[in-house]
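Q: Next come the chains, spelled out residue by residue.
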Amino acid sequence: MFRFKLLLIIIFSFHLSIAQAQQNSSLSGIITDSSGPLSGASVIFKGTKMGTTTNSSGYFEFTGVAPGTYTVVISIMGFETQQKQVSLKAGEKLNVNFSLKSTSQQMHDVNVTGKTATQKIKESGFAVNAIDTKKLANTTADLSQILNRSTGVRVREQGGLGSDFKFSINGLSGKQVKFFIDGIPMDVMGSAITLNNIPVNLADRLEVYKGVVPVTLGADAMGGAVNVITNQNVNNYLDVSHSYGSFATNRSALLGQFVDKKTGIVVKASGFFNYSKNNYLMKDVDVVVGGVRNGKEITDLNGADYVKADVRRFHDDYRSVSGQLEAGVTNKSWADVLFVGAGYNRVDQELQTGFEQDIVYGMVTRASNAKNLTLRYKKDNLFTKGLSLTAFAAKSKDTYITTDTATRLYFWDGSYSPDRGTTEMNNIKNITHMVRPRTYAMANASYTINSEHSFNLNYTLDHLKNRNFNALVTDHDDMPGLLRKQIAGFAYQQDLLDKRLVNTAFVKYYHLGLERNKYINAVLTKLDTTFSNLGYGIATRYKILPDLGIKASFEHAYRLQEAEEMFGDGLNVQGNPDLRPENSDNVNLGAYYGLTIGKSRFFIEASGFYRNAQDFIAPLPDQRTKVIKNQNVSAVRITGFESELRYAYDQLITVNLNLTYQNAISTTQYGRTESINYESTYLNKLPNQPFLFGNADFTIGKDNLLGKNTRIQFNWLTQYVNWFYLTWEGSGSLNGKQFVPTQFIHNASVNYALQNGKYNLSAECRNLTDVVAFDNYSVQKPGRSFAVKLRYFIH
Amino acid sequence: MKKYISSAIKAIALVLLIVVINSCKKPAGGSDQGETKYSAVLCIGSWPNTAYYIAGIGSLTSGTISLANNGAEMTGKVYAQDIIQRDGFYYHANASSGKLGKYHVENGVLVTDKEIPFSWLEWSSYAWEDASTLVIFGVGNNEGRYAVVNVDRMAIKTGKLSLKSIPTGFDGYNIGFAQYSANKLYLGYGFSSTDFTKYPNMPVYQESLVAIIDYATMTVEKSLSDTRTTGLGGPNVYAPSSFVDELGDLYFISDPVNNYDYNSPSVMYRIKSGTTVIDPTYFFNFSAVTNNEMVPAMWYIGNGKAIVRSRIAGQSIDTDHYFCIVDARNGSFIKKLNLPVDKGERMVNAVIVEDGKVFIAVNSADKDYIWQYNPATDELTKGVEFIGGIDYILRIEKLK
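First to last, the protein sequences are chains A and B.
So that you can map any letter, position 308 of the first sequence is 308 in the working numbering, and since no number is skipped, the others follow by simple counting.
So that you can map any letter, position 356 of the second sequence is 356 in the working numbering, and since no number is skipped, the others follow by simple counting.
These are calculated hints, taken from the structure and not from any lab test.
Keep in mind it's a predicted model, so treat the numbers as computed, not measured.
Note that beta-carbon positions come from the ideal geometry of N, C-alpha and C, so glycine has one too.
Warning: the hint list may mix true and false statements.
[What the hints assert, rightly or not] Only part of the chain A face toward chain B is listed, based on derived beta-carbon distances under 7 Å:
1) T667
2) T668
3) I676
4) L734
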C-alpha cells in the first residue's frame, strides 16, 4: 500500500530527479553480443541494492560507488549470465566491457522475451506482446499464425493459405487494427503484403500494441497495432528457405544483405513466393445429384437434389509473390542510414466461397499488384546530442481486381448450373478495379534531454486516391475519392527512479480531408470535408523489483472514416456525409514477474483490459437495391483478462501457456427504428465472438545430440477456442440456439539444425487430429496437413 | 514479497478457473413454446449483429411476446424477411447460396424440410395457384422469369416471360404485384436502372405495365399499360399490394417513390372480373387525398374495403408509416386509423385478417402492439404486446 501511495506521489508531483551527491568512484562500460550492443541488460552489484540497465548503445554507468571490491552480475534473458569481480579505488573511474553469449540459438517459444529488444518493449508502459520470431524461422508459419498464438489476439480465417482474415486485438478488429512494417503502414507497400503471407523468416520480431499505441506508429489504430520489425543489423547475411506441404503448398523466402564495410554501402533484398491449391477436404457439405448433365454442367436443375458428401475444394488456388530491394549507405556523418528502395508484389487468387460455405464460387477471382518506391533516412544526434530523426517516404500504386462475370451457380462437387440469374457474387457482371495511387510520408524526431526526460514528435501524411470502376463498362473512374490523412503525435517520456518508473504521456492530432466529385441533381459537384480529432493517452510502468513490474495505460483513440465510406465508391457503396469517426476509450492494467531458480526461468504476465467503443462504422446493405451505405451503428464495451505463464529450463524445455477471456457486450441502446425503449440486445454479449481462448506450447530440444553443432527440437502446440453462440445469447429458444463448438487444434513439429543453424530441416503437422476447424459462420478450415521446410542461413 | 506474488498467482489461477468453469456451460435445452396459430418474424441487434427470429404468437388479442429464451433462430438458414408462409411452412429463396428452401418451426427450432438448388431467378413476387402450387416471379439475366413450385415435393418447373423489352437507358425490370385469378396470373412490372451515380435522382421510365399470363401455358397473353404512375407494387415477398375481392375483381396500388419516381401519385387500379383491361372508369389517386402519401402495402379486409400501410410524403422510403382504411370498390378514402405512428421497417407484412377483424402490427416509438380493428364497429383495441426491445417487427403470419 505504501508503495502504491509512493507511486502516486511520484506520478503526480512530477519533480523527482534529485541528483545524488557525488564523491566516490564510478564504473561504466559497454555490453555487447556477437551482433553489437545489448540494450536493456541488467547490471547489478551482487549483495547490494545497486543496479541499472544498459541503454540503447549497450552503455551502463554507476557513479557515487563507495570504494571496495564488488561482484558485478550482467544478465539478460536469452544470454548466459556473467559475473566479474571489480575493485574500485577511491575516486577511480573504471571502465569494463562485457561480451555476452546467447543461450538460445533456436528456441521455439512464442512470446518468450529472450532477446533484448523484446524484453525492453515488454517492460514499457504499453500493453504489448513482443514476439521474437527469429526463434520460429525454421517453421512454415506465417506471421498471422504466430500472432494467433499470443494473448489477446484472435485471427479468424476464412480458409487456407491466403484467405481473408479478421484480426482482432482484445476484441476490436477490422479497420480498427493497423499493421506496420518497421513503423510504416503495411498497405503502403501494396495489398499483397499482408500478415498471412509474409513468411516468418522476413521478420525479426513482432510487436502487438493493445488499445494504446505509441505515437511512433502514426495511425488511427483504435483497437491496436501490429508492428513487424525486420532485421536491422548491419552485417552480411543470407536466409533462403523453401517449404512444401499438403494441398500443393509451396512457400519460399529469401532474405539477404550485403554490406561493404569500406564504403558503408548496404544492399538489402527480401522476397517471398507462396502457392497453394488449398484443395483441402470439406466435410459433410451439400453436393447435387440428379438433373440433366453435360459433364460438369447441369443443363437442367429440375429434379436435382442436395445430398451431403465430403469433397475437396476445387477453386481456391492462391499465389503471391513479393520482392523488395533496398540500397543505401550507413554510418555516414550526415546519415546513420539512408536507403532507397523499390518493390513489387502481386497476388492471384481464386475464391471458393462467400461469407458462408453455402455460397460456393467456381469462377470468381481476385488479383492485386502493387509497385512502390521508398526512401528511408535516420540520423542520431542530429545537430545536437540526443536528437534523432527518422524519416520515410513512399510512393506506391496498388491495383486490386475482382472478376465476377460468370452467371453460374456452383456446387461443392464442382458441377454448376449455367442458368443463374445473377453473377456468382449475386451482382451484375463485373471486373471491378480498385486503383489506389498513394503518397506516404513520415517523420519522427526524438529528443532525449537527459536520462530522465525525452520527447518524441511524429508526423505522418497519407495521400490516397481511390479509383473504382467496372472494367466491363468503363476503363476509368471519373470521380475518384481522395483521402488526405495527417496525424501528428507528441509524446513526453519520463524515466524516473533509476528507470524504475517510466511514464509516457501523449497526444495525437488527426486531421482528415476527404474529397469526391458526385452528381447532385445532375450537376457534377465536388464534395469535400475535413475533420479534426484529438486523441490522448498515457502509459506507465513501475518496477517494484528488477523482474516485477506493474503497468497501466490509457488512450482515447479514433478510427477515421475512409473516402468510400463517406462518399461511396461509385459502384455499390452509397455515400453518407453524416458519418462520424469511430472512437474508443481503452484502458489496460497489468503486471509481470520473472523468477530464475537455478536453470529454471519463470515468467508470468497478467493484465486486464477495458474498451469502450462507439460509433462503429458498418456497411449496411439495402435488401432490395443491394446498395451499401455506411453508418455509425453500434457501440461495444469489452472487459477482459489475459494471462501468460512461461517456463524454461536451460536450453532443454520451454513451456508457454496463455489464456484470454473477453466479454464484449453491446452498448448500442437503440436500433435503427425510432424507439424510446432500449433494444433487447443492449448489454447483451455480442454474438459470433470467441470469448475464451488459449494456447499451450511445449518445446523440448537438445544441442549436440546428433552430432557436434547440431540441435534437435520437438514442439507441440495446442490451440483452444471455447464454444460461442452464433447469435445473441439472451434471445431465441434454448432448443435451437446455434453455437460454434469448442475447438482444440493440435500441431506438432520437429526441427533439426546443423552447423550451428546454417542448415535447418523441419517437419510439421498441423491439426494433427484432423478435427473440423472453423472461425467464421462454420466455414471449414483445413484439416490435417503436413509440411517440410529446408532453410539455409548464414550470417 | 514472495508471499504477495504467490497470492497473486493464486488469485489469477482462481479467476481463470472461474472463467473456465463459467464459460463451459453448454447451451442447455429449454422449454417448448408449443404450436401456435400465429407467428411473427422479428429482428434484433445492430449491424453486423442483426439476428432474425420466428416467434410464435398464441393469441393476437392478449399477452406478450418476448425473444428472451423464445423464438426460433433464423441465422444460418433463412437470414431474411422475404419469406412466403403458408400452412405453417416458410419458403425462402436465397440468392447468394442459390437455394430454395421449405422450413417449419418445431420446438423452437427452424427445421429444414427440404432445400433444392435454385438460381434461375431472383424472386420478387409470387402467387398461389392452389395450396400445393406456388408460382414465383423474378428477374434473371435481365429477363422476366418464373418458376412453378410443387411445394409438397419441392419440385420445380422454370421458364421465361416475354415481358416488354427493356427500353434504352434502363437495364432491368422491377417486378411488382402478382395475383392469381381464374387460371390467369397478373403481374405488375416496370423498368429500372442500376446506374446509381445520379442517386437519388434515378432515371424513371414513365410507364406501368401489367402482364396477363395464362397459367396453363405460362405465356403472356396480354400486356396492359398506364403512364399516370409507376412502381406497381413492391415485391410481394415482403408485403402484398394487390388483392382479388369476392366479386373476382383485381385491385392493385402503386408506390412510385419506391421506383425513385418522386412525381407520380400512388394510384389504385382495377381489372374487373372477366375483363383483361385496366378499368378505364376507375382511378383512385390515394396521394391526392392524403397529403401526397404513398402506399407500399395493401391488404383486403372484406366488403370491398382494404387497409393500406401509407408512407408520409418525401423521397425517403425509410420513414414514418400510417394505416388507413380505403373503400377500394368505390375508390375512396375512408379514414386514417388512430394508431401510433409506425416507425418500423419499410416493407412489413403487418396485417392479418381473420373473421372480419383486422390485426395490425405497429412498430411504434413507445410500445409495440398488435392492434385489433373491427371494421363493423370501427373499434380499435390493443392486443398482444411485443416486449423486451424488438428492433423490427418484419412480418406477422397466420399459420393455420
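Q: Now, for every hint given, state plainly whether the structure supports it.
A: Against the structure, the hints:
1. T667: At 10 Å from the nearest chain B Cβ, T667(A) fails the 7 Å test, so the hint is violated.
2. T668: Result: holds, 5 Å to nearest chain B Cβ.
3. I676: holds (6 Å)
4. L734: Holds: closest Cβ of chain B sits about 3 Å from L734(A), inside 7 Å.
Checked against the numbered hints given earlier, this structure breaks only hint 1.
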